[in-house]
Amino acid sequence: RAAGLLDEAGCASALGRLAGMPWPGVEPPPLEAVVQQLQHDKKAYAGRVRFVLLEGVGRPRPDCELPDATVREAVARLLADWRRRVHDGGGGG
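According to this note's numbering, the sequence shown is numbered sequentially starting from 540.
Everything labelled a hint here was simulated from the structure, so no lab data went into it.
Keep in mind that this is a model prediction, so the values were computed, not measured.
The hints are all genuine.
Per label pair, the in silico range of CB-to-CB distance:
| id | residue 1 | residue 2 | range |
| --- | --- | --- | --- |
| 1 | Arg616 | Gln575 | 15 to 23 Å |
| 2 | Ala583 | Ala615 | 13 to 21 Å |
| 3 | Ala548 | Gln578 | 29 to 37 Å |
Glycine included, C-beta positions come from ideal geometry on N, C-alpha and C.
Based on the provided sequences and hints, a complete structural model is requested.
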């Protein structure tokens, strides 16, 4: 959604599918550790991380570059949600 490809309803649908998945009962890693690990992702090329983004459910757009600030914001939001779920006892939605 941060890249402007997926609308609010599509994002909610995709996240809803993930909501029932189990979350580990451990604290998430620090933001910097995740951002640093992204540099080693198999889709990284020439020092830039590439992503597969959704234009809609079932409509991927491969090989997308995002501004560092957008990546950091998205990862921070995911980590915050993970942290909240750990403290709320896990579970979905």
